[in-house]
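Asker: Got chain A; can you put chain S on it based on the hints?
Here the protein sequences line up with chains A and S, keeping their order. Numbered according to the numbering used here, the first sequence terminates at residue 451, and the numbering increases by one at each position without gaps. Numbered according to the numbering used here, the second sequence terminates at residue 457, and the numbering increases by one at each position without gaps.
Keep in mind that the hints were calculated from the coordinates and are not lab data. Everything numeric in this text was worked out from a predicted model, so none of it was measured.
Label pairs and their calculated CB-CB ranges:
#1 A:ASP378 to S:LYS131: 24 to 34 Å
#2 S:ARG323 to A:ARG96: 44 to 54 Å
#3 A:GLU86 to S:ASP60: 18 to 28 Å
From the three backbone atoms N, C-alpha and C, an ideal C-beta is built for every residue, glycine too.
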Amino acid sequence: MDFNLSDEQQMLRDAASRYVRERYGFESRRHLVAQGIPESGHWAAYAEMGWLALAVPEADGGLGCGFVETALVSEELGRALVLEPYIGCAVLAARLLERADAPACRARRAQLLADLAAGSTQIALAHGEPDSRFELDAVGTTARAEGSGHVLDGTKLMVPAAATAGAFIVSARLDDGDVALFLVPRDAVTLHAYPLIDGTRAADVALTGVFVPADARLSAPGSGLMLLDEALDRAALAQVAEGLGCMEAMLAITNDYLKTRQQFGQPIGRFQALQHRMSEMFVDVQETRSIMLRGIASLDAEPAARRRAVSAAKVMLGSAGRFVGGQGIQLHGGIGLTDEHPIGHYYKRLMVLEKLYGDSEWHLSRFIEAQRA
Amino acid sequence: MRFDFAPEDEAFRLEVRSFFQEHLPKDLARRFHIGAHPPERDDVRRFQKLLHERGWGAPHWPVEWGGTGWSPLRKHLFMEELYNADGLDFSWQGLHMVAPVLIAFGSEAQRQRFLPPMIAGDEFWTQGFSEPNAGSDLASLRTQAVLDGDEWVVNGQKIWTSDAQMAEWGFFLVRTDLTVKPQRGISFLLVRMDTPGITVRPIVSIEGGTELNEVFLDDVRVPRENLVGEPGMGWTYAKYLLEKERTASAFLYFNKRELEKARDIARESIVRGTPLIDTPEFARKLARVEVDVLALEYSVLRVLSQESNRHNADAVVSALKLRGSALQQRVTDLQLEALGLHALRQWEHGEGETIAADEARRWPAFVPGRTAQALIARASTIYGGSQEIQKNIIAKLAFGL
Numbered sequence: 079m080d081f082n083l084s085d086e087q088q089m090l091r092d093a094a095s096r097y098v099r100e101r102y103g104f105e106s107r108r109h110l111v112a113q114g115i116p117e118s119g120h121w122a123a124y125a126e127m128g129w130l131a132l133a134v135p136e137a138d139g140g141l142g143c144g145f146v147e148t149a150l151v152s153e154e155l156g157r158a159l160v161l162e163p164y165i166g167c168a169v170l171a172a173r174l175l176e177r178a179d180a181p182a183c184r185a186r187r188a189q190l191l192a193d194l195a196a197g198s199t200q201i202a203l204a205h206g207e208p209d210s211r212f213e214l215d216a217v218g219t220t221a222r223a224e225g226s227g228h229v230l231d232g233t234k235l236m237v238p239a240a241a242t243a244g245a246f247i248v249s250a251r252l253d254d255g256d257v258a259l260f261l262v263p264r265d266a267v268t269l270h271a272y273p274l275i276d277g278t279r280a281a282d283v284a285l286t287g288v289f290v291p292a293d294a295r296l297s298a299p300g301s302g303l304m305l306l307d308e309a310l311d312r313a314a315l316a317q318v319a320e321g322l323g324c325m326e327a328m329l330a331i332t333n334d335y336l337k338t339r340q341q342f343g344q345p346i347g348r349f350q351a352l353q354h355r356m357s358e359m360f361v362d363v364q365e366t367r368s369i370m371l372r373g374i375a376s377l378d379a380e381p382a383a384r385r386r387a388v389s390a391a392k393v394m395l396g397s398a399g400r401f402v403g404g405q406g407i408q409l410h411g412g413i414g415l416t417d418e419h420p421i422g423h424y425y426k427r428l429m430v431l432e433k434l435y436g437d438s439e440w441h442l443s444r445f446i447e448a449q450r451a
Numbered sequence: 057m058r059f060d061f062a063p064e065d066e067a068f069r070l071e072v073r074s075f076f077q078e079h080l081p082k083d084l085a086r087r088f089h090i091g092a093h094p095p096e097r098d099d100v101r102r103f104q105k106l107l108h109e110r111g112w113g114a115p116h117w118p119v120e121w122g123g124t125g126w127s128p129l130r131k132h133l134f135m136e137e138l139y140n141a142d143g144l145d146f147s148w149q150g151l152h153m154v155a156p157v158l159i160a161f162g163s164e165a166q167r168q169r170f171l172p173p174m175i176a177g178d179e180f181w182t183q184g185f186s187e188p189n190a191g192s193d194l195a196s197l198r199t200q201a202v203l204d205g206d207e208w209v210v211n212g213q214k215i216w217t218s219d220a221q222m223a224e225w226g227f228f229l230v231r232t233d234l235t236v237k238p239q240r241g242i243s244f245l246l247v248r249m250d251t252p253g254i255t256v257r258p259i260v261s262i263e264g265g266t267e268l269n270e271v272f273l274d275d276v277r278v279p280r281e282n283l284v285g286e287p288g289m290g291w292t293y294a295k296y297l298l299e300k301e302r303t304a305s306a307f308l309y310f311n312k313r314e315l316e317k318a319r320d321i322a323r324e325s326i327v328r329g330t331p332l333i334d335t336p337e338f339a340r341k342l343a344r345v346e347v348d349v350l351a352l353e354y355s356v357l358r359v360l361s362q363e364s365n366r367h368n369a370d371a372v373v374s375a376l377k378l379r380g381s382a383l384q385q386r387v388t389d390l391q392l393e394a395l396g397l398h399a400l401r402q403w404e405h406g407e408g409e410t411i412a413a414d415e416a417r418r419w420p421a422f423v424p425g426r427t428a429q430a431l432i433a434r435a436s437t438i439y440g441g442s443q444e445i446q447k448n449i450i451a452k453l454a455f456g457l
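Excised from the complex, chain A in its bound form (with noise of 0.2 Å):
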């Protein structure tokens, strides 16, 4: 057992931490959600440091990281809100292309990682549908076979960063029932976008009867949901790190706040029941950092050992980022309801990061299945 950063790590997690400190600043960031998040150069950053390709093999032109490093990175972008889509991308179309076990794709396979890694191309998961709420296997797109490639038709829902990607691995039934993946370039589809409410934007994604070639199916039968399954709880697990660094960042503004406002005549974090508060939330805080480790430990531990441990993860940090959220808005007082005010956009990124990916209570009905299993 050893919980230290390797001196790489330690390097890695300062970069991260120094990168969003000097260029994304909160008024800065308040500038790029005014302008609908345009293409600000803070992807091809994040490729030049490195940290997309963090996740990627070396066989096919990445780091081969762990998944400490993906952690550090995610929660240092937590601490500033960043607003590209660094887990959706970096994390889970990075491992299911990484997984992707279909013989026919594995050419394109590796371009699509090296272009993923190098920056120049975006994926996203377009996955969940309007009936599937967080069910794996509620795919109701379907995947008809047509020579040797297939035609895709359905709809899936609220696709984080849709707008910016270059394709998307959409998941579909084929005619046996089997649930595969496939790779579509984002011109055969039609986005339907819209904010969400961190500030960042999804897309409703159409198929219309969209052919796909044989080298676009990236799974193999019979592996596609578990391809999802793992990759997901990568996903989900990054999260718990980005809620981490949220969390951490709203116990520091927090508490600044409460060493200089004053009323009745005193810094209001001279009162017991507001220090108390904050004593509470750093348990909270504390805990989460502890369930996220042990998360990371079970990733590679067989599946129902994996589910139970990131979807423990998962509950924690809906219920530690509803109570961290909440009462770091609370100590604010009405400040802290202001959009100008920084706070309040952390408590509704720790919102989204309850729901993507699977929501609190989902988690853990899926933690009593794993313990069950």
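Answerer: Here is chain S on its own, set in the frame of chain A:
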């Protein structure tokens, strides 16, 4: 980072497990499982001797005094196995509290005199810190010791003195200097509990046990050499002993074991033909507690393996105490919920150790002791620095508030 135990440590875990399986007498395990408070003195003695003969009487002590030299992670594995075997984590006042102080600050004569019978289970200790008007505000204690020739004459009153009824010795915080600020005038004194002038009065706690006591000291004469270290340094030594066991306050082993017991009870309890554990309501409640226990385990491991945390280390330990003590109550409450009406029966001392065959269908063996334990668990958020004190500490150390 590395998240597994070394193979040698895993082998060690199995060695400890098989030791308890082979050597812990069944009658002791059963009584410890029920958990009478306090346990019988003879049971404590037998258990301590069992460990001592194996060389594990005080794993955390220096090797020269009978310790094991185990790493913090090995001690962790040992404690986990001890708990899982329904072993007794007792003799805290002696082995874990006064001994480290004697080892660090006591005289060679004090160590020679007190450590061997302590590790052998022949002498037990009690702690005299709290007073009726000095609880969370311990520095305001008033029990006084005045030097008269070669003896300290002690007058005052202590309360919540755990195990005083069975202890040969007590370590007391007493005021020896009234002229300095409160923390500076306190000394650390070792007192034989059968000294004339000492009266021990048991306090019956809500579950019916008598582990806690009041101790009255009237002109109690204590040899001068029984003062530990320097006069006026008692407060420093007391803080040292409280900080010595940094992760113990997480109650991790208790919480893990008792959570499993809650699960066992819920498996055996049937609601309309379905085991309680398979009902969504109970399963979800259990799962939420379990998630917190899983996190707590890693919090303990992080401290034990000396993670460099960006937050203040003492604040992190207070967070362990806050979460761990609250979990004691949540876990034991889950057991009571699973027990249903069975939770309401008052079991007399010793009752329930064996349950007659004709009664066992109505009163399964897992019932006795659970409610008493849940009642005692209300103390876990009070002693060793209450929840509120821990929150004060975190606010100060982590946030500078």
